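K.L.:
Sequence:
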Amino acid sequence: MTTPELAARHTALLEVDADANRQLTTLDGWRRFIDRSPAPPVLLSPGDLKQLSPTGRDLYDDDRLGHHARMLTVATSFVEKTVICGRRLVLLNRHAISARRGLMVSGLPGTGKTSAITQLGRSHELLDRARHPNIADRIPVLYITVPPAATARMVAAEFARFLGLPVRGRSNMTDIIEAVVGVCTDTRTGLVLVDEIHNVSQVTRAGGEVSDTLKYFSERIPATFVYAGIGLETSELLAGTRGAQIAGRFTLVPTRPFPYGDEWKRLVATLEETLLLHEHPPGSLVKMDRYLHNRADGMIGALSHAIRGAAIDAILNGTERVTKEAIDAIPLDHAAETATTSPSKKTARR
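In numbering that gives the first Met the number 0, the protein residues as written are 0 to 349.
Just so you know, these hints were derived from the structure itself, not from any lab.
All values derive from a computational prediction rather than experimental measurement.
All C-beta atoms in this analysis are idealised placements derived from N, C-alpha and C, irrespective of residue type, glycine included.
Watch out, some of these pointers could steer you wrong.
[Claimed, not checked] Calculated pairs, DSSO-like style, for lysine-lysine (alpha carbon to alpha carbon, straight line, at most 30 Å):
no., residue 1, residue 2
1, K80, K286
2, K264, K49
3, K49, K323
4, K264, K323
[Unchecked claim] Label-pair ranges, simulated between beta-carbon atoms:
no., residue 1, residue 2, range
5, D60, A246, 47 to 57 Å
6, Y259, G317, 27 to 37 Å
7, P165, D47, 47 to 57 Å
8, D136, L91, 18 to 28 Å
9, P280, A205, 50 to 60 Å
10, R255, K214, 22 to 32 Å
11, M70, P280, 37 to 47 Å
Put together the whole structure using the sequences plus the hints.
P.N.:
What follows is the structure, given as C-alpha coordinates:
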(Lines of atoms letter the chains of each structure in order from A and count residues from 1; the text may use other names and numbers.)
(Lines give C-alpha, C1' and ligand atoms only; values in the text may rest on other atoms or scores of the structure.)
Protein backbone atom coordinates (compact mmCIF):
# COMPACT_ATOMS: atom_id res chain seq x y z
CA MET A 1 0.00 0.00 0.00
CA THR A 2 1.52 3.33 -1.06
CA THR A 3 1.76 6.42 1.11
CA PRO A 4 -0.95 8.27 -0.88
CA GLU A 5 -3.24 5.24 -0.44
CA LEU A 6 -2.52 5.20 3.28
CA ALA A 7 -3.17 8.93 3.51
CA ALA A 8 -6.51 8.53 1.72
CA ARG A 9 -7.50 5.68 4.01
CA HIS A 10 -6.35 7.66 7.05
CA THR A 11 -8.55 10.59 5.99
CA ALA A 12 -11.52 8.27 5.55
CA LEU A 13 -10.97 6.78 9.01
CA LEU A 14 -10.71 10.24 10.54
CA GLU A 15 -14.09 11.02 9.01
CA VAL A 16 -15.49 7.80 10.47
CA ASP A 17 -14.06 8.67 13.89
CA ALA A 18 -15.58 12.15 13.65
CA ASP A 19 -18.91 10.52 12.85
CA ALA A 20 -18.49 8.10 15.75
CA ASN A 21 -18.15 11.05 18.11
CA ARG A 22 -21.65 12.16 17.27
CA GLN A 23 -23.98 11.33 20.12
CA LEU A 24 -26.45 8.49 19.91
CA THR A 25 -28.94 10.83 21.54
CA THR A 26 -29.49 12.66 18.26
CA LEU A 27 -31.17 11.23 15.18
CA ASP A 28 -28.14 12.07 13.04
CA GLY A 29 -25.76 10.41 15.49
CA TRP A 30 -27.97 7.35 15.80
CA ARG A 31 -28.20 6.90 12.04
CA ARG A 32 -24.44 7.20 11.69
CA PHE A 33 -24.08 4.51 14.34
CA ILE A 34 -26.38 2.26 12.32
CA ASP A 35 -24.74 3.02 8.96
CA ARG A 36 -21.05 3.14 9.74
CA SER A 37 -19.09 -0.06 10.33
CA PRO A 38 -15.51 0.70 9.27
CA ALA A 39 -13.42 -2.19 8.01
CA PRO A 40 -10.27 -2.76 10.08
CA PRO A 41 -6.93 -1.75 8.55
CA VAL A 42 -4.95 -4.44 6.76
CA LEU A 43 -2.00 -5.76 8.76
CA LEU A 44 0.93 -5.31 6.41
CA SER A 45 3.55 -7.97 5.77
CA PRO A 46 7.13 -7.31 6.99
CA GLY A 47 8.17 -6.58 3.41
CA ASP A 48 5.40 -4.04 2.82
CA LEU A 49 6.10 -2.49 6.20
CA LYS A 50 9.71 -1.78 5.25
CA GLN A 51 8.58 -0.04 2.05
CA LEU A 52 6.66 2.63 3.98
CA SER A 53 8.12 6.10 4.29
CA PRO A 54 8.28 7.60 7.82
CA THR A 55 5.06 9.51 7.11
CA GLY A 56 3.43 6.39 5.70
CA ARG A 57 4.41 4.42 8.80
CA ASP A 58 2.97 7.12 11.06
CA LEU A 59 -0.33 7.03 9.16
CA TYR A 60 -0.38 3.22 9.21
CA ASP A 61 0.23 3.13 12.96
CA ASP A 62 -2.39 5.81 13.55
CA ASP A 63 -4.96 3.73 11.64
CA ARG A 64 -4.17 0.76 13.88
CA LEU A 65 -4.39 2.93 16.98
CA GLY A 66 -7.82 4.10 15.85
CA HIS A 67 -8.88 0.51 15.25
CA HIS A 68 -7.94 -0.56 18.79
CA ALA A 69 -9.52 2.55 20.28
CA ARG A 70 -12.93 1.68 18.86
CA MET A 71 -15.12 -0.44 21.13
CA LEU A 72 -15.99 -3.83 19.67
CA THR A 73 -19.49 -5.13 20.33
CA VAL A 74 -19.29 -8.84 21.06
CA ALA A 75 -22.38 -11.01 20.62
CA THR A 76 -22.44 -12.33 24.16
CA SER A 77 -25.26 -14.47 25.53
CA PHE A 78 -26.53 -11.37 27.36
CA VAL A 79 -26.67 -9.31 24.17
CA GLU A 80 -28.42 -12.16 22.35
CA LYS A 81 -30.93 -12.59 25.20
CA THR A 82 -31.67 -8.86 25.22
CA VAL A 83 -32.20 -8.75 21.45
CA ILE A 84 -34.45 -11.83 21.46
CA CYS A 85 -36.51 -10.62 24.41
CA GLY A 86 -36.81 -7.14 22.92
CA ARG A 87 -37.86 -8.46 19.51
CA ARG A 88 -40.47 -10.68 21.18
CA LEU A 89 -41.97 -7.72 23.04
CA VAL A 90 -42.03 -5.59 19.89
CA LEU A 91 -44.03 -8.32 18.14
CA LEU A 92 -46.40 -8.83 21.09
CA ASN A 93 -46.97 -5.07 21.35
CA ARG A 94 -47.54 -4.57 17.63
CA HIS A 95 -51.33 -4.76 17.86
CA ALA A 96 -51.74 -3.69 21.49
CA ILE A 97 -53.95 -0.66 22.04
CA SER A 98 -52.85 -0.03 25.62
CA ALA A 99 -50.83 -1.60 28.46
CA ARG A 100 -47.90 -2.36 26.17
CA ARG A 101 -45.20 -4.30 27.94
CA GLY A 102 -41.59 -3.14 28.19
CA LEU A 103 -38.10 -4.38 28.92
CA MET A 104 -35.72 -3.47 31.75
CA VAL A 105 -32.00 -4.24 31.39
CA SER A 106 -30.22 -4.09 34.71
CA GLY A 107 -26.73 -4.74 35.99
CA LEU A 108 -23.48 -3.39 37.32
CA PRO A 109 -21.45 -0.80 35.38
CA GLY A 110 -19.29 -2.38 32.69
CA THR A 111 -21.49 -5.43 32.11
CA GLY A 112 -22.68 -4.37 28.66
CA LYS A 113 -26.13 -2.87 29.25
CA THR A 114 -25.81 0.00 26.78
CA SER A 115 -24.20 -2.27 24.18
CA ALA A 116 -27.09 -4.71 24.55
CA ILE A 117 -29.89 -2.18 24.12
CA THR A 118 -28.16 -0.37 21.25
CA GLN A 119 -27.71 -3.70 19.47
CA LEU A 120 -31.42 -4.35 20.00
CA GLY A 121 -32.10 -0.93 18.49
CA ARG A 122 -29.76 -1.61 15.59
CA SER A 123 -31.44 -4.95 14.88
CA HIS A 124 -34.88 -3.35 14.96
CA GLU A 125 -33.88 -0.45 12.72
CA LEU A 126 -32.15 -2.61 10.10
CA LEU A 127 -35.20 -4.86 9.88
CA ASP A 128 -37.47 -1.83 9.54
CA ARG A 129 -35.25 -0.42 6.79
CA ALA A 130 -35.36 -3.73 4.94
CA ARG A 131 -39.17 -3.58 4.97
CA HIS A 132 -39.39 0.18 4.35
CA PRO A 133 -36.31 1.40 2.41
CA ASN A 134 -37.22 5.10 2.49
CA ILE A 135 -35.68 5.98 5.87
CA ALA A 136 -36.55 9.67 5.47
CA ASP A 137 -40.18 8.81 6.23
CA ARG A 138 -39.45 6.69 9.30
CA ILE A 139 -37.70 6.91 12.67
CA PRO A 140 -37.95 3.32 13.92
CA VAL A 141 -35.82 3.84 17.05
CA LEU A 142 -35.52 6.69 19.54
CA TYR A 143 -32.64 6.70 22.06
CA ILE A 144 -32.24 8.99 25.07
CA THR A 145 -30.31 9.02 28.34
CA VAL A 146 -31.86 10.30 31.56
CA PRO A 147 -29.79 13.20 32.96
CA PRO A 148 -28.81 13.22 36.65
CA ALA A 149 -31.36 15.03 38.81
CA ALA A 150 -33.66 15.07 35.81
CA THR A 151 -36.98 16.87 35.74
CA ALA A 152 -39.95 15.90 33.61
CA ARG A 153 -39.27 18.82 31.28
CA MET A 154 -35.62 17.79 30.87
CA VAL A 155 -36.64 14.27 29.85
CA ALA A 156 -39.28 15.54 27.44
CA ALA A 157 -36.63 17.85 25.99
CA GLU A 158 -34.31 14.83 25.48
CA PHE A 159 -37.02 13.20 23.34
CA ALA A 160 -37.36 16.42 21.35
CA ARG A 161 -33.60 16.82 20.97
CA PHE A 162 -33.25 13.35 19.47
CA LEU A 163 -35.91 14.19 16.90
CA GLY A 164 -34.39 17.59 16.14
CA LEU A 165 -37.41 19.50 17.47
CA PRO A 166 -36.70 22.98 18.84
CA VAL A 167 -37.19 23.44 22.57
CA ARG A 168 -37.30 27.08 23.56
CA GLY A 169 -37.16 28.47 27.05
CA ARG A 170 -40.83 29.39 26.94
CA SER A 171 -41.98 26.07 25.45
CA ASN A 172 -44.35 24.42 27.90
CA MET A 173 -44.50 20.69 28.63
CA THR A 174 -47.71 20.15 26.72
CA ASP A 175 -46.26 21.67 23.55
CA ILE A 176 -43.10 19.56 23.80
CA ILE A 177 -44.98 16.32 24.46
CA GLU A 178 -47.50 16.89 21.68
CA ALA A 179 -44.73 17.66 19.18
CA VAL A 180 -42.78 14.52 20.17
CA VAL A 181 -45.83 12.27 20.08
CA GLY A 182 -46.86 13.68 16.70
CA VAL A 183 -43.47 13.06 15.10
CA CYS A 184 -43.08 9.58 16.62
CA THR A 185 -46.56 8.58 15.45
CA ASP A 186 -46.05 9.95 11.95
CA THR A 187 -42.62 8.33 11.55
CA ARG A 188 -43.69 4.94 12.97
CA THR A 189 -41.36 4.85 15.96
CA GLY A 190 -41.53 1.29 17.25
CA LEU A 191 -38.77 1.16 19.87
CA VAL A 192 -37.82 3.73 22.52
CA LEU A 193 -34.54 3.14 24.38
CA VAL A 194 -34.15 4.97 27.70
CA ASP A 195 -30.66 4.62 29.17
CA GLU A 196 -29.42 5.64 32.65
CA ILE A 197 -32.93 5.08 34.02
CA HIS A 198 -31.45 4.57 37.52
CA ASN A 199 -31.32 8.38 37.68
CA VAL A 200 -35.10 8.30 38.26
CA SER A 201 -36.17 8.04 41.91
CA GLN A 202 -39.83 7.50 42.71
CA VAL A 203 -39.34 8.80 46.26
CA THR A 204 -38.74 12.38 45.10
CA ARG A 205 -41.31 14.65 43.54
CA ALA A 206 -39.14 15.36 40.49
CA GLY A 207 -38.44 11.65 39.98
CA GLY A 208 -42.12 10.79 40.25
CA GLU A 209 -42.93 13.41 37.62
CA VAL A 210 -40.25 11.96 35.30
CA SER A 211 -41.77 8.51 35.76
CA ASP A 212 -45.24 9.86 34.97
CA THR A 213 -43.92 11.59 31.85
CA LEU A 214 -42.28 8.40 30.58
CA LYS A 215 -45.49 6.48 31.29
CA TYR A 216 -47.50 9.09 29.39
CA PHE A 217 -45.13 8.87 26.44
CA SER A 218 -45.47 5.07 26.47
CA GLU A 219 -49.26 5.39 26.37
CA ARG A 220 -49.26 7.93 23.54
CA ILE A 221 -46.46 6.50 21.37
CA PRO A 222 -47.27 3.03 19.96
CA ALA A 223 -43.80 1.69 20.72
CA THR A 224 -42.00 -0.76 22.98
CA PHE A 225 -40.09 1.02 25.75
CA VAL A 226 -36.74 -0.36 26.95
CA TYR A 227 -35.12 0.88 30.16
CA ALA A 228 -31.46 0.27 31.06
CA GLY A 229 -29.74 1.16 34.29
CA ILE A 230 -27.67 0.10 37.29
CA GLY A 231 -29.20 -2.22 39.89
CA LEU A 232 -32.79 -1.59 38.87
CA GLU A 233 -34.08 -4.55 40.90
CA THR A 234 -33.35 -2.70 44.14
CA SER A 235 -33.41 0.89 42.87
CA GLU A 236 -35.87 3.62 43.77
CA LEU A 237 -37.25 3.37 40.23
CA LEU A 238 -39.43 0.49 41.47
CA ALA A 239 -40.46 2.12 44.75
CA GLY A 240 -44.05 2.91 45.63
CA THR A 241 -47.16 2.70 43.48
CA ARG A 242 -45.46 4.05 40.36
CA GLY A 243 -42.64 1.54 40.75
CA ALA A 244 -45.16 -1.29 41.19
CA GLN A 245 -46.75 -0.29 37.87
CA ILE A 246 -43.38 -0.47 36.14
CA ALA A 247 -42.57 -3.82 37.76
CA GLY A 248 -45.95 -5.15 36.60
CA ARG A 249 -45.41 -4.17 32.97
CA PHE A 250 -41.68 -4.59 32.36
CA THR A 251 -39.73 -7.79 31.86
CA LEU A 252 -36.36 -7.72 33.63
CA VAL A 253 -33.19 -8.98 31.95
CA PRO A 254 -30.36 -8.91 34.48
CA THR A 255 -26.69 -8.88 33.58
CA ARG A 256 -23.81 -9.79 35.84
CA PRO A 257 -20.08 -10.44 35.64
CA PHE A 258 -19.19 -13.41 33.47
CA PRO A 259 -18.18 -16.55 35.36
CA TYR A 260 -14.96 -18.19 34.32
CA GLY A 261 -15.97 -20.72 31.69
CA ASP A 262 -16.41 -21.40 28.00
CA GLU A 263 -18.13 -18.12 27.18
CA TRP A 264 -15.39 -16.11 28.91
CA LYS A 265 -12.78 -18.03 26.94
CA ARG A 266 -14.64 -17.24 23.69
CA LEU A 267 -14.76 -13.55 24.63
CA VAL A 268 -10.99 -13.49 25.13
CA ALA A 269 -10.45 -15.33 21.83
CA THR A 270 -12.76 -12.95 19.96
CA LEU A 271 -11.00 -9.87 21.33
CA GLU A 272 -7.59 -11.37 20.58
CA GLU A 273 -8.61 -11.97 16.96
CA THR A 274 -9.17 -8.22 16.52
CA LEU A 275 -5.58 -7.34 17.43
CA LEU A 276 -3.48 -5.86 14.63
CA LEU A 277 0.02 -6.26 16.06
CA HIS A 278 3.11 -7.52 14.24
CA GLU A 279 4.77 -9.47 17.06
CA HIS A 280 1.78 -10.81 18.96
CA PRO A 281 1.78 -14.65 19.14
CA PRO A 282 -1.73 -15.88 18.22
CA GLY A 283 -3.48 -17.55 21.11
CA SER A 284 -1.25 -16.10 23.81
CA LEU A 285 -4.16 -14.22 25.44
CA VAL A 286 -6.34 -17.32 25.35
CA LYS A 287 -3.67 -19.05 27.44
CA MET A 288 -4.08 -16.25 30.00
CA ASP A 289 -7.88 -16.38 30.12
CA ARG A 290 -8.04 -17.21 33.84
CA TYR A 291 -5.62 -14.40 34.69
CA LEU A 292 -7.70 -12.05 32.52
CA HIS A 293 -10.87 -13.12 34.33
CA ASN A 294 -9.29 -12.26 37.67
CA ARG A 295 -7.84 -9.01 36.31
CA ALA A 296 -11.18 -7.82 34.90
CA ASP A 297 -13.30 -9.40 37.65
CA GLY A 298 -15.41 -11.01 34.93
CA MET A 299 -16.47 -7.64 33.49
CA ILE A 300 -16.52 -7.45 29.70
CA GLY A 301 -16.02 -3.68 29.81
CA ALA A 302 -12.86 -4.00 31.90
CA LEU A 303 -11.60 -6.89 29.74
CA SER A 304 -12.05 -4.90 26.53
CA HIS A 305 -10.45 -1.80 28.06
CA ALA A 306 -7.41 -3.77 29.29
CA ILE A 307 -6.76 -5.56 26.00
CA ARG A 308 -7.35 -2.55 23.78
CA GLY A 309 -5.29 -0.31 26.07
CA ALA A 310 -2.39 -2.77 26.05
CA ALA A 311 -2.60 -3.02 22.25
CA ILE A 312 -2.40 0.77 21.94
CA ASP A 313 0.64 0.83 24.23
CA ALA A 314 2.23 -1.98 22.18
CA ILE A 315 2.03 0.18 19.04
CA LEU A 316 3.23 3.33 20.79
CA ASN A 317 6.23 1.67 22.46
CA GLY A 318 7.07 -0.57 19.49
CA THR A 319 6.76 -3.94 21.26
CA GLU A 320 3.87 -4.93 18.96
CA ARG A 321 2.52 -7.54 21.36
CA VAL A 322 0.15 -7.76 24.33
CA THR A 323 1.67 -9.40 27.40
CA LYS A 324 0.59 -10.00 30.98
CA GLU A 325 2.91 -7.21 32.11
CA ALA A 326 1.37 -4.84 29.57
CA ILE A 327 -2.16 -5.63 30.76
CA ASP A 328 -1.10 -5.24 34.39
CA ALA A 329 0.10 -1.74 33.51
CA ILE A 330 -3.34 -0.64 32.24
CA PRO A 331 -5.33 1.12 34.99
CA LEU A 332 -8.87 -0.27 35.11
CA ASP A 333 -11.99 1.15 36.72
CA HIS A 334 -11.95 1.37 40.50
CA ALA A 335 -14.39 -1.53 40.94
CA ALA A 336 -12.24 -3.92 38.90
CA GLU A 337 -9.03 -2.74 40.57
CA THR A 338 -10.55 -3.16 44.04
CA ALA A 339 -11.78 -6.64 43.20
CA THR A 340 -8.37 -7.58 41.79
CA THR A 341 -6.55 -6.51 44.95
CA SER A 342 -8.97 -8.22 47.37
CA PRO A 343 -7.47 -11.08 49.41
CA SER A 344 -9.58 -13.73 47.65
CA LYS A 345 -8.53 -12.45 44.23
CA LYS A 346 -4.87 -12.37 45.22
CA THR A 347 -5.16 -16.01 46.27
CA ALA A 348 -6.87 -16.93 42.98
CA ARG A 349 -4.09 -15.28 40.93
CA ARG A 350 -1.29 -17.23 42.60
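K.L.:
Which hints from the list above does the structure break, by number from lowest to highest?
P.N.:
Checked against the structure, the hints that fail are numbers 2, 11, while the rest are satisfied.
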